[in-house]
Structures are given as structure tokens and as C-alpha cells.
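First to last, the protein sequences are chains A and B. Heads up: the first sequence is residues 0 to 315, going by numbering that gives the first Met the number 0. Heads up: the second sequence is residues 0 to 325, going by numbering that gives the first Met the number 0.
Honestly, the hints are just simulated from the structure, not real lab data. Because the structure is a prediction, the values reported are computed rather than measured. Hints are not guaranteed to be accurate.
The calculated label-pair distances, taken between Cβ atoms and stated as ranges, are [unchecked claim]:
| # | chain 1 | residue 1 | chain 2 | residue 2 | range |
| --- | --- | --- | --- | --- | --- |
| 1 | A | 32 | B | 138 | 49 to 59 Å |
| 2 | B | 79 | A | 18 | 55 to 65 Å |
| 3 | A | 188 | B | 29 | 29 to 39 Å |
| 4 | B | 26 | A | 55 | 53 to 63 Å |
Facing chain B, from chain A, some residues (calculated, C-beta under 8 Å) [as the list claims (entries may be wrong)]:
| # | residue |
| --- | --- |
| 5 | 14 |
| 6 | 125 |
| 7 | 136 |
| 8 | 223 |
| 9 | 230 |
| 10 | 233 |
| 11 | 268 |
To give an idea of the interface, some chain A residues facing chain B are shown, with a C-beta separation under 10 Å as derived from the structure [as the list claims (entries may be wrong)]:
| # | residue |
| --- | --- |
| 12 | 116 |
| 13 | 159 |
| 14 | 187 |
| 15 | 251 |
Ideal Cβ positions, reconstructed from N, Cα and C, are used throughout, including at glycine.
Each chain, letter by letter, is given below.
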Amino acid sequence: MALRGYSGGWEASAVRRLRRAIRGSWILWLASGFVVLLVGVAALVPYLHLADPFAQSLERLAPPAPEHPFGTDRLGRDVLSRTVWATRYALAVGIGTVAVGGTVGTVWGMAAGFSGPFAQEVLSRLVDVFLAFPPLILAMVVVTLLGNGVFPVVVALSFGIAPRFARVARAVVLAVRVQSYVEAARAIGASSTRILLRHILPNTLDSLIVLGTLTVPTAILTEALLSFLGIGIVEPTPTWGNIASMGQMVLREAPWVVLFPSLALLCTVLSFNLLGDAVRDALDPTTSRGVWMRRTERAELEVEPARLASRRIPAG
Amino acid sequence: MGPGPLAALLRIAGSGVARRLLHRLVQILPTAFGAVVIAFVLLRVVPGDPAAAMLGVSATPESVQALRAQLGLDRPLWRQFLEYVGGLARLDLGTSLAFRAPVAQLLAQALGPTLLLALGGTVVSVLIGVPTGVVAALNRGKPLDQLVSILALVGVSLPVFVWGVVLLVAFTLHWRIFPASGLGEGVGGTLRALVLPSVATGMFLAGLVSRITRSSVLGVLGQDYVRTAWSKGLEPLHVFRRHVLRNALIPVVTVVGLNMGTLLGGVVVVEGIFARPGLGRLLLDAIYARDYPLIQGIVLVSVLLTILLNQLVDLLYTLLDPRVTA
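Between the sequences and the hints, there should be enough to build the whole structure, so can you do that?
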């Protein structure tokens, strides 16, 4: 505990800011509590003594009651159990996409920022091209090609996510590589790999952490859309999207089949979005503080300077 | 709105809008070509044989071979690519296997309804997002601001299908105000059939627009020229319209433009729910039937459409911001 009073260190202060933000806002408090709950539920779901999520019964479309708190679906399966089991797949897709798409995109962007002029142009153009594809449509096609399941969905979503990471990583690399400490490292004979890993990668981390946190809800939402369309993770594996998709057909008789998975999806995405905003604020001390919402739009506006700078604005 | 937009329009026309459009088209050519290449490559790196995948498990080796020949998959890759690009130049995208019709013709039929819905979604998102964002900004920190902010975040967090399904049940089955499916007949019918899908498509973007509008208005309100306008004693409404709103809308335009791809994704889901024949409906049919030529055509059109819509929205900059010249 020698470091107890140590107040320097940039990451430490970021964590402190995040903790203070969470403590100061009941909404953030709720959101982080919900995320912790989700992770716990996903890890412990086999021990929760839920009904078998795959067991069909003759009690079809039974309304919520003590033995089936969320009712049953068209095949008589317990909606509570299916909704809870689906947490696993949602989190797996959300985190898996950040891991796969984030890694590929970061390497891609660093390569684009650090390589020779020709490779840099090609890699950057490739980012633009992939960013032009509508993410959902790209994911739909890739899943069709790869087949259904968690891993194909993760790969499919990564196609849309990686170029976003690449864009951010590239921008940071381009800004950092001209700094004098990089020049100094090069002057004393550090290899390119060393410069990338020791001097450039650490500088990209906070932008990438923010992007990663906000990618989780995007991935979960897109997976739900895919599964809703019947091409992501398919029946009988329960996901919020495909439970809702089945429920859609019986919505008037049994609204609970759509209601509960949709609520789970909403709360999850909302919580991750709120936390993502908070992480962004904590990592970026320049943004103003105040009510939780006041700071959130900053990164959405981050595109602004770059885009405006690319236009010719006459001075004065 | 006064003479502002009209004057801006005239200014654009006077400064050679055709040349500017051409310039922009040239600028997007590399991206568009890249998209063509990726749409080609994507469907050729399928693990296994696309012909076998299309025919399913009951295919005989002979029928797979015949389909390979029909699709040109037995030729070398570079020749396939040249033929594909050559076909594109003649607007020939191959033949759909499921519909037994030229892909280009199917796409042409589907494009109209999809564009209409994309436009509808954009209009809804702006109509809801901008006023709520402005109200939130003007009531900064008050309960109304927090309410709008929470609703906007909920809007961004709700999947498109929830809106679609809820609207469908509420207004077509329960109250029977709007038609549940199809495109409608005549102008009135078309618009009536467009309302619910547009709302479902636009709500996601509305949340985003609302958040951006709020922060953008707050940013502009703090500018010196706004303070100057106030202190000159100009009428509040005039200050707000001429100085605040006009400048605040610029980032909103950016965000709408950047999200055209997401909007098209929403259109796909909504077309599925409301059974509207469009690109999305066609894509779903093509995917269920493993109709690779059609999938490839739709992917290509959706990318090119995103690029074009993005540029179109970008052109709006010149209307809003006289400083921007390109």
C-alpha cells in the first residue's frame, strides 16, 4: 500500500474520474450495476435453476405466472429461461466483436499510419471503402457466406467494426509519429516494431478503449437485428433477436414473448451506452463535466474538425 | 424561412453546380471502384463452392458443374473479374437464380420504394430530433433537458424491430389507421403506407440527431457572434433562426450523412416487417434462396447508394455554410 497516496499517473486518474462519475450519478450507478449483473448472470446461468430453455411443452403461449414468470412461447418453452440464456450469446458477440474487430482494425490502422506512402494510401483507401458499406447489409452477407453461429456473427460484425478502429488508430499514429520523442527513439536506433509497441500503441489506447466500450452495444444491437431476420444465431439457440422474431408472429395473443427479450436488449444496450459515455469522459479530461448527458456528444462531434478541415475554408 | 435558402440556392447555381457535382463524382470514384472489387471478392472467397452452396445438399456433381459453368466460376479469377466489370459497364449484373430475371431489372424495381423509405426515415429523424434537441439545449440542466436526453438515449438503444413491431400492432391491427403492408396506391395511399415504416426507420437516427442538435446548439449559443447579436438588441427569434439554428445545423447534417449506411440497414429490417417490396426485402429473399448473383448486385447497389446519399447530404453544407466551398 505504499502507493496509497500516489496521485500522479494518467490512467489512475482516469479510473478515479470514472469512479467519481459513477458515484455521482444514479443513472450511471444503475447502468454499471446492470452490466455487472449481466456478466454475473452470463457466467452463472447453468446454476440458476432455470427451466430448460429448449424443453418444449404443451403449455403454449402461457401468460406470465409463478411457474413461468415471463410466460411461454409458441413451442411452450419458458421465455424467462430463454431470455436469461440469451445473455451469454449477447455478451459473447459484443465482447468477441470488440476483440476480433478491434484487434484487426488496430493493426490495420497502425499499419496504415506507419507504412510507406503507397501502402499507406492503399490501406487508408480500404478503410474508406469498408466504411462505405452499410454495416448491417455487410454483416448479413458475410453471415450468409460463413453460416450461422456465434463465431460467424462475430466475424461478420467485425467487417463493419474493424475499419472504425482502423480509422481511429491511423489518426492517432499519424499524429504521434511526428512527435519528437518518436524521432528521438528512432535516433538512438530503436526498431520500427519497438517504436510501434512502446511509443505509439500506448498513445492509441485511450481512443481505442472509448471506441471499444461503445462498440459493445452496437455489436449486440446488430446481432439482435441479424437474429431477428433469421440469419445470425438461429433457433433453437436463444438470442434476444430470435426470441423476439418468433414472438412477432404471436404478438397480439402473447405480447410477453417480444416484450421481455426486447426489454433485456434495451436495458443492456442502454447501460453499455451510458457506461461508454462515462468512460469517454473519464479518459478525455478536456470534455466539460456536469450532468451525465452534457458530455456525451463530444465524440460524435469529433468527426467535425477533421471533416471541416478537409474542406477548403478560406481564412477570414 | 425567408430569402435565406433561396438566395443560397441561387448562389450555388451561379457558381457552377454542375462542375461541383462532377468534381465530387470524380472524388468518390476510387471508393466506388473499391466497393465493386470487394463486392466481387466477397462472394468468391466463400468457404467451399458457391455453386454447391446454392444448390443445397441434394445436388449432384453434374448439376453443380453445370451451375459453375453458368455462373462462370470455372474460369480464372481475373477473367471473371474483367467480365464482371465489363457487365457492370453495360448495367448487366447477371441473372437472378431465384427470380429467373436480370438482377439489374430487379434492382431497378426495388430501388424506388427503398429510396422513398430512406427519405421518409431521414425526414422523421430530423422532424423529431431537431426540435427536441433545441428544446433540450434551451432548457439546459432542467428536468425537460434530462427527459429529452434520456429519451434520446433510449431511442438510440432500441432496435429497429421493436419500433416496427409495436407500430405495426398498434396502428394496423389495434386501431387500423394505416395499412399493415405493401406500398399503397396513388399519392395518398403511398404516403399513408409510408408513415409507419418511416417512423420505425427514423427513430434510431432521431435519437442521434436530437443529441447532436442539443450539443451543437449549446456550442453555438456560447459563441461571440451570438452574444453580439443579443447585445445589438436583435429580436430573440431572429437571433435564434439566423445565428444559432443555422450554424447549429451543420454538425447535424454531418451526422445524418455519416449514418446513411445505418439508415439503409434499418430500411432492410423495416421492409421485412412491413412486407414492403424494396432492396431489403429483395436482399432477404436473395439470402434465404442463396441467390448469389442477386446478393452481389444488392450489396453493390447499397454501397453505391450509401456513397451517393452521403455526398448528397454533404452538398447541403453549401446551403448551410457559405464558408464551405468544396
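For each hint, the structure was consulted:
1. Checked against the hint of 49 to 59 Å, the pair residue 32/A and residue 138/B fails, with Cβ atoms roughly 29 Å apart.
2. About 57 Å separates the C-beta atoms of residue 79/B and residue 18/A, a value consistent with the hinted range of 55 to 65 Å.
3. In this structure the supplied range 29 to 39 Å holds for residue 188/A paired with residue 29/B, their Cβ-Cβ distance being about 38 Å.
4. At roughly 57 Å, the beta-carbon separation of residue 26/B and residue 55/A lies within the given 53 to 63 Å, and the hint holds.
5. About 24 Å separates the beta-carbon of residue 14/A from the nearest beta-carbon of chain B, more than 8 Å, and the hint is not met.
6. For residue 125/A, the shortest C-beta to C-beta distance to chain B is roughly 7 Å, which falls under 8 Å, so the interface hint holds.
7. Interface restraint check: residue 136/A against chain B, minimum CB-CB distance 5 Å, threshold 8 Å, status holds.
8. Among the interface hints, the one on residue 223/A holds; its C-beta lies about 5 Å from the nearest C-beta in chain B, closer than the 8 Å criterion.
9. The interface hint given for residue 230/A holds, since its Cβ lies 6 Å from the closest Cβ of chain B, which is under the 8 Å cut-off.
10. Look at residue 233/A: its Cβ only gets to about 12 Å from chain B, farther than 8 Å, so that hint breaks.
11. Hint status for residue 268/A relative to chain B: holds, with the closest Cβ pair at about 4 Å, below 8 Å.
12. Because the closest C-beta pair between residue 116/A and chain B is about 16 Å apart, greater than 10 Å, the hint is violated.
13. Restraint check, residue 159/A versus chain B: the minimum CB separation of about 9 Å is within 10 Å; hint holds.
14. A cut of 10 Å between beta carbons decides the hint on residue 187/A: the least distance to chain B is about 39 Å, and the hint is violated.
15. About 6 Å separates the beta-carbon of residue 251/A from the nearest beta-carbon of chain B, less than 10 Å, and the hint is met.
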